[in-house]
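Student: Sequence:
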Amino acid sequence: MVDILTLPDEQRQVVQWMMRKKSDVSLAEVAERIDSNQSDAIAIMDELVDQGFVQEMQIAGEARYRIRLAAKRRTQQQTIQQALAPGNPLSVILNPSGDYALVAGSNFDLCVTVSNKGNQSALIDIFIDEVSYPRNWCINPHERLALGANSTSEVIFQFQVPLEAKPSTYNYQLVVDAPLHYPEDTPIRHNSRLQVLPPVEAAIRVSDPTFSLSPPTSSAAPALLQPGALLQVAVSIHNRSDRVDRFRLTCPELNEKWYTVRYPEGLNSPGLVTSATALDLNPGEKGDILLFLNPPMDAVAGTYFPTVRLYSANNPDLVLLDVVYLQILPTYLLTVEFRSLVGKVRRLAGLYEVRLNNSGNISREVIVRAKSLDEEDVCSYTVLPTMLRIAPFSLATAEIKVKPLKWWRRPIYGGGRLINFGVEIEDTQQLPLINDAPQGTLYWEPRPWWQFLLVLLTVLGTVAAIAFLVWLLFFKPKPSPKVIEFGSQDNFYQAAEGDFIRLSWQIRNPQQLNSLTITGQSPDGTAALEPISYDFSRGVPDQLKSFCAIRQILICKNVRTDARKPGDYVFELKTFPKNNKDIASNILKTNVIKIEPIAPPKIVEFSSSLPVYQERLAVPPNNTPNDKILLNWRIINRDQIKELQLIGRSPEGEVTSVLKRYNFSEGIAVGLKKYCTIEVGLLCKNVPTDARKPGDYIFELAVIPNNGQEEPSDTKKTDAIKIQAQPSKIVEFKINNQEALAKYLVPINKNRPGGIFRISWKVEGGKDIKVQLLPSPGNVPTSGSLPYTISQKPGSETLTLQVTNAAGEQISRSVTIETFEPPPPPPAPPPLIPAPGAKGSTAPTLVPAPPIPPPLPIAPPPAASAPASGDASAGSPPPPAPGAAVSPAAPNTAASPPAPGAAASPAPGSPSLSDPDSLSPSELPPRSD
1 MVDILTLPDE
11 QRQVVQWMMR
21 KKSDVSLAEV
31 AERIDSNQSD
41 AIAIMDELVD
51 QGFVQEMQIA
61 GEARYRIRLA
71 AKRRTQQQTI
81 QQALAPGNPL
91 SVILNPSGDY
101 ALVAGSNFDL
111 CVTVSNKGNQ
121 SALIDIFIDE
131 VSYPRNWCIN
141 PHERLALGAN
151 STSEVIFQFQ
161 VPLEAKPSTY
171 NYQLVVDAPL
181 HYPEDTPIRH
191 NSRLQVLPPV
201 EAAIRVSDPT
211 FSLSPPTSSA
221 APALLQPGAL
231 LQVAVSIHNR
241 SDRVDRFRLT
251 CPELNEKWYT
261 VRYPEGLNSP
271 GLVTSATALD
281 LNPGEKGDIL
291 LFLNPPMDAV
301 AGTYFPTVRL
311 YSANNPDLVL
321 LDVVYLQILP
331 TYLLTVEFRS
341 LVGKVRRLAG
351 LYEVRLNNSG
361 NISREVIVRA
371 KSLDEEDVCS
381 YTVLPTMLRI
391 APFSLATAEI
401 KVKPLKWWRR
411 PIYGGGRLIN
421 FGVEIEDTQQ
431 LPLINDAPQG
441 TLYWEPRPWW
451 QFLLVLLTVL
461 GTVAAIAFLV
471 WLLFFKPKPS
481 PKVIEFGSQD
491 NFYQAAEGDF
501 IRLSWQIRNP
511 QQLNSLTITG
521 QSPDGTAALE
531 PISYDFSRGV
541 PDQLKSFCAI
551 RQILICKNVR
561 TDARKPGDYV
571 FELKTFPKNN
581 KDIASNILKT
591 NVIKIEPIAP
601 PKIVEFSSSL
611 PVYQERLAVP
621 PNNTPNDKIL
631 LNWRIINRDQ
641 IKELQLIGRS
651 PEGEVTSVLK
661 RYNFSEGIAV
671 GLKKYCTIEV
681 GLLCKNVPTD
691 ARKPGDYIFE
701 LAVIPNNGQE
711 EPSDTKKTDA
721 IKIQAQPSKI
731 VEFKINNQEA
741 LAKYLVPINK
751 NRPGGIFRIS
761 WKVEGGKDIK
771 VQLLPSPGNV
781 PTSGSLPYTI
791 SQKPGSETLT
801 LQVTNAAGEQ
811 ISRSVTIETF
821 EPPPPPPAPP
831 PLIPAPGAKG
841 STAPTLVPAP
851 PIPPPLPIAP
861 PPAASAPASG
871 DASAGSPPPP
881 APGAAVSPAA
891 PNTAASPPAP
901 GAAASPAPGS
911 PSLSDPDSLS
921 PSELPPRSD
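Residues 1 to 929 (our numbering) are what the sequence shown spells out, left to right.
These are computed hints drawn from the structure, not numbers from a lab. Hints are not guaranteed to be accurate.
Derived pair list, reagent style DSSO-like, types lysine-lysine, alpha-carbon separation capped at 30 Å [claimed, not checked]:
1) 729 <-> 674
2) 750 <-> 693
3) 717 <-> 693
4) 565 <-> 478
5) 685 <-> 722
Since we're looking at a predicted model, the values are computed, not measured.
Turn these sequences into a full structure, and let the hints steer you where they fit.
Tutor: Right under this line is the structure:
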């Protein structure tokens, strides 16, 4: 009940009113009680619900509230017991341990001593709960300790109460928690109160009034009061000022029903006595005010220290305070009510209720027990809860279950049986209790009549069971053998391991087994193996003694059969009993058991080293890299390879590389030894092929297994592999050892018909290139020279050197030779003949020679080259025309070679070639880059 006193005035009044009412209240009743609206009442009731003083309920859609002090008291007591339990590894000591009062503006130190009594080190958190208002005044509200086993440490929490703190009582909760090391024993919670008194001026002026209380009280010697008793306190006031003052007395922390202030009566008019509301004192006078403290009957026992404040009319801001210490004495009144809920039982337990009504003003803690009052105890007694904690002016209940234990003691007939028991109530604090303990009675009803029928049926069943046992032991026919399990431990075998299929079976009643037969069949039912029969007439046969054992069951494991070839098998087991040797008593088949054939070789990888290759050159040096296709492959299960077949085809399916066979019957084939290695499988790298011609190739590799199969077990093809043709190139194309130009103009010389000049060429490319000189002679070698005769008729001839590679790509160079007739020479002037009769003239007569037409200019070649093999007359110049004059400035070109870097003259006997200044686009021959 101390927690109730710490509540604010309105909340405390509501809780005390609900305790006296002892029934549910509505929100309207609460609002009427506090003389306020329902919004204020909702706020007050929500705070009380959160603090655990009141329980909210919904009845017919209306909010109702019920006092629940017993539950709150039980929770607090459990927390205290948890902290002080002897088995708790942590012990906490607080200093000060109880409530503490201080003045606003002062400091307060809370010392917490924690002892670790456990057998392990622990990390302990000590903090002020976050919902506690004094946490805001604490400098460091959270501390952490690391304590070893059997060690102690202390933490100090410093509180600084501000001056503006409202005088009141504040609740706070200290929590000690070690969730990592003692999760079952923590947290430990301590609830305390901190009372803040109004700040008192340190200096008292001489003119300030003073007052004193009589009788004097202190925290060590409080005034003792019974609930409902009256305590008169005389307040003596001394007005030390020089003015008349008016004084008024109040107790701000007490409910108005708890105290009464009585001022001296005065005579305001002759013969009229009126009650005063204050005490008027002249300067220097003294007076008394009577304060009557009258706690109500429902006042909870405990120590109270209300503040008495004196107000001065002249100095309203002056704070004059004093404290009265009261101790409300406890009253002990606990009544017990015993109720029978279920008092007549057959098979279940009887149910009773004990109600304890605490009409005193102190919390009670009692233990409820139940015991038998009969000589023979035939029942068990269960009390829930065993310990009750009852708040002042509240009610608590406990349930008692009484259940008969010895079912055979239940009366068979008659009026049943009465079982008497008593209830014992013990106060844990040895406080006074009622003398008379309640007693109860349980009526145990007799058995119903139909249970006699069950007894009769039980007797008949027992006789029938005995008869069955006699038949079973002496007259029951012997059972036939029965196969309870038949199969193979493994349904898949490998032919590569060379193992046989092994069977296992279990047969019940092997003593009656005469023989058994095992038949191997294919899944379609046809016989695959010869039947095997075993004779068990004299026990386990010799061939099965190493596989079978007889106990209650015949167990045979891993019996070998004749099945070893690849395929699917189903085995059938037939048992023949001794009492009927010709008819099988039991037949059982296995599931399909498979012998996997030896895995054939498989091509995992098959590809070319390069996707594109280059054709080899036609002429030395023949060192073209990547001129033939190289293949790589990897084959697993190499031991099963008999032969490899490799063939190359074009994308259209035409065979471009003949079929090659590699025999692996004696290891790696001879042609593959330097290209293949044996690792996880057969790995071959850079295996050469005979594919060298340009084109697209697709190679196919086939594997022939060595199991007698002629067809390949696996085949794989490569992607399209390309051999690119060598690019063709015209290295040189010359006329008379000079680089051929696009067009030549050749005048016709009738004096020297049949002009001849020499054409030479050189071409590079693949070995399958085709060189043609068109229009004639057609196909020619890749390099060479030949003479060419110029037509003596005006016209134009085009010579084309055309090169075609294996891929059909063409390049060409052309030369156009145009012949024309030169214009006729101009007429010669007449000869000079002297006049007749002239004398002394010695000048000869000049006969002009016919003029020789000048040769057309020849375009300079790009560079001088060695002369090609020409005609036999190439070494001498042609003879001049008759009557023509030879210019001395024209030296014999055949007598001396041209200077280095100079243009070479055409060979003697060949026609004069000239290059026109420019050609029209239509006259230009086609050129190939």
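Student: Evaluate each hint against the coordinates.
Tutor: Verification of the hints:
no., hint, verdict
1, 729 <-> 674, "violated (38 Å)"
2, 750 <-> 693, "violated (53 Å)"
3, 717 <-> 693, "holds (20 Å)"
4, 565 <-> 478, "violated (42 Å)"
5, 685 <-> 722, "holds (19 Å)"
Hint violations for this structure: numbers 1, 2 and 4, all remaining hints satisfied.
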